[in-house]
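Number of protein chains: 2
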Amino acid sequence: MIDERMYDLGNAPSAIRELFAYGLKRKAEIGEDKVFDYSIGNPSVPAPQKVADTIEELMKLPPVELHAYSPAAGIPAVRQTIADSIARRYGIPAKAGRVYMTVGAAASIAISLGAVTNAGDEVIVPSPYFPEYKVWIETMGCSIVEVPTQVPSFQLDVEAMGAAINEKTAAVIINSPNNPVGAVYTRENLEALAAMLEERGKEIGHPIYLISDEPYREITYGAEVPYVPTLYKHTIVCYSYSKSLSLPGERIGYIYVSNLMDNAKEVYTAVSGAGRALGFICTAVLFQRVMEKCVNEPSDVEAYRANRELLTKGLSELGYEFVEPDGAFYLWVRALEPDDEAFCEKAKAHELLLVPATCFKSHGWVRISYCVSADVIKRSMPAFKALMEEYK
Amino acid sequence: MIDERMYDLGNAPSAIRELFAYGLKRKAEIGEDKVFDYSIGNPSVPAPQKVADTIEELMKLPPVELHAYSPAAGIPAVRQTIADSIARRYGIPAKAGRVYMTVGAAASIAISLGAVTNAGDEVIVPSPYFPEYKVWIETMGCSIVEVPTQVPSFQLDVEAMGAAINEKTAAVIINSPNNPVGAVYTRENLEALAAMLEERGKEIGHPIYLISDEPYREITYGAEVPYVPTLYKHTIVCYSYSKSLSLPGERIGYIYVSNLMDNAKEVYTAVSGAGRALGFICTAVLFQRVMEKCVNEPSDVEAYRANRELLTKGLSELGYEFVEPDGAFYLWVRALEPDDEAFCEKAKAHELLLVPATCFKSHGWVRISYCVSADVIKRSMPAFKALMEEYK
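Protein chains in written order, with the working numbering: chain A, 161 to 552; chain B, 161 to 552.
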């Protein structure tokens, strides 16, 4: 009588998490400095000092006020601050009434899918992709339609996406800067997507919602990251402070239903309903209040930039092929054999923990999470060298 | 193309929340001390000092460590502390491996329902009940089967519950101490429930899961609150620190799948899967760590006890009929006319904000949330008197 789908999901934990757990065990066995753990995307840069300062300040509030329930959508002043920040930075008329606080991007996406899909619908996802998208799409009784991105640029294949659209298509999920490949979709690429969605939406007789998953928006190395609602009006932004402010465990983010959308009020109302339906009462209030003060704190990307230099220079010299990363803290490297899982097993023998492309519904590549200390990268180079030599 | 059910849920916010919002508006109009807001269950007792002390201490940890992702089920040491506390207090062999940290009781219940129901199943709920139960049951594609409790004791009507069970019955949700009536189910009542579920489960060929929603476990005035897993093995405890430690906005609680359950491992695995499927990555880590230190902090019920005395004495003298509350901070009072909504409207004219039984799928009563300052109760007595006189 147990729900078999839930059992299977619980019984098949993320391969990334398993690799991370293996890394911890292996470090205990052979020493912390002997294992090169590139498995997970846990930021290695500390949260801004202002987070700690704000918490210290907030603790002076009377506890009954500080820890009270907030409205389901969030504390009004916090939503206002976020709307103001969006309006100021991207020049669109963002209003607090379209901002819905969530416990991070995962919740944002699950809730957004709940709002704009009905059982039997299809949701298009460019591959490779973060594997939980499939889980949340299927939770809503919908099917995922995977459309490979272009190799080796990993930009969206807009033509193929257009061809995949039919009457059942409810939404498209994009993620730029991208996990796992580190690509940032260009303005041109996103404009082509917007034009195609506009046109195909008219053809099929209903809007196609664009769910823009943006936890890495601030983690870039010079590339422009266009604000998607300025290009396509039926956009729902799913944001998280996990990476930009290094607060992954605190679960704080928001949904922004673009004020430029024709039916923004209806979509926002459905978002509120989906939050209720999935068991979210409100987002933890202490970190909501922290965001009121820290929403405009800059992200510290310098450590990631230095890591990116070290890693791409080192791997280049050794002869590895990779996608030049424009954002996020992931390097997408061509495996030295077609079977990326076999390649990762061989890397493991050199104590290099890499995530195979198979985890992201792709093949022949591996993901390196370079949100680690620079020292790990330096010390791992002989292992990468030995791995390369094994294939020569 | 919006999900109509989600839209309707978003468009029909809780009547309790609406009344609370009316209260804030009314206070601004006529003065804070002129409105007697008995609408919501926001604890009026401050969180224990140890919560603030623990946060201060935790802020000394390196931010990268402090704010990192935890495993989906929670920080192992936190789960261990909770399991140890359950084992010590209730004498059952609770293990950390069956504790799953959640963002409060709402998430706990939604996840538990996701784990042990399949679309088309039925879930039995004694009425009156917290209205969101219906929302979460329907999210899983299941139907709610309401079985009224006994009037005026508001104990479970075990015979009627047994008669409502059929092959499609997957689970029963109980809530003791109870919101909205303040009743605590007696050991005898719960033993009868356990025996009935055991027997009916055998008859229908599968176990019936008992979801025990326990945010008010610690808020009692002398009555025994038996630990449900010690009476019925197929119990899933949904706990929250919202009321016991006055942290409603911080969203912290847990699911405990009883170690005495035959298939505890399978149910726990399905709980883990349901958490994933609904978009919960992990529970906010700062408050997980707070719980590691505060799990055994006593609840301060003295203010609620004093309020209960004041209120029951005052209303008794005025001739109101009510259920003697054994737990929680709610008083269930007989409306002075059969139409509880009309009665609440009349109360509103006296600036008394009471919640009609209709909100809890019952009729002819009202709920008074007495988690307010004692002063509110004292000042409201003339209004209760005037309301009574209106009906004479």
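Careful, some of the hints might be misleading.
Just so you know, same-sequence chains aren't split out, so a pair can sit in one copy or run between any two.
Restricting the straight-line Cα-Cα distance to at most 16 angstroms, the calculated cross-link-like pairs of lysine to aspartate or glutamate (EDC-like) are [claimed, not checked]:
(1) Lys545 <-> Glu484
(2) Lys425 <-> Asp168
(3) Lys473 <-> Glu359
(4) Lys220 <-> Glu319
(5) Lys453 <-> Glu319
(6) Lys425 <-> Glu164
(7) Lys508 <-> Glu469
(8) Lys187 <-> Asp499
(9) Lys552 <-> Glu292
(10) Lys506 <-> Asp535
Derived by calculation from the structure, the hints in this document are not laboratory data.
Subject >> Structure versus earlier hints, numbers of those that do not hold, lowest first >> reply: 1, 3, 4, 5, 7, 8, 9 and 10
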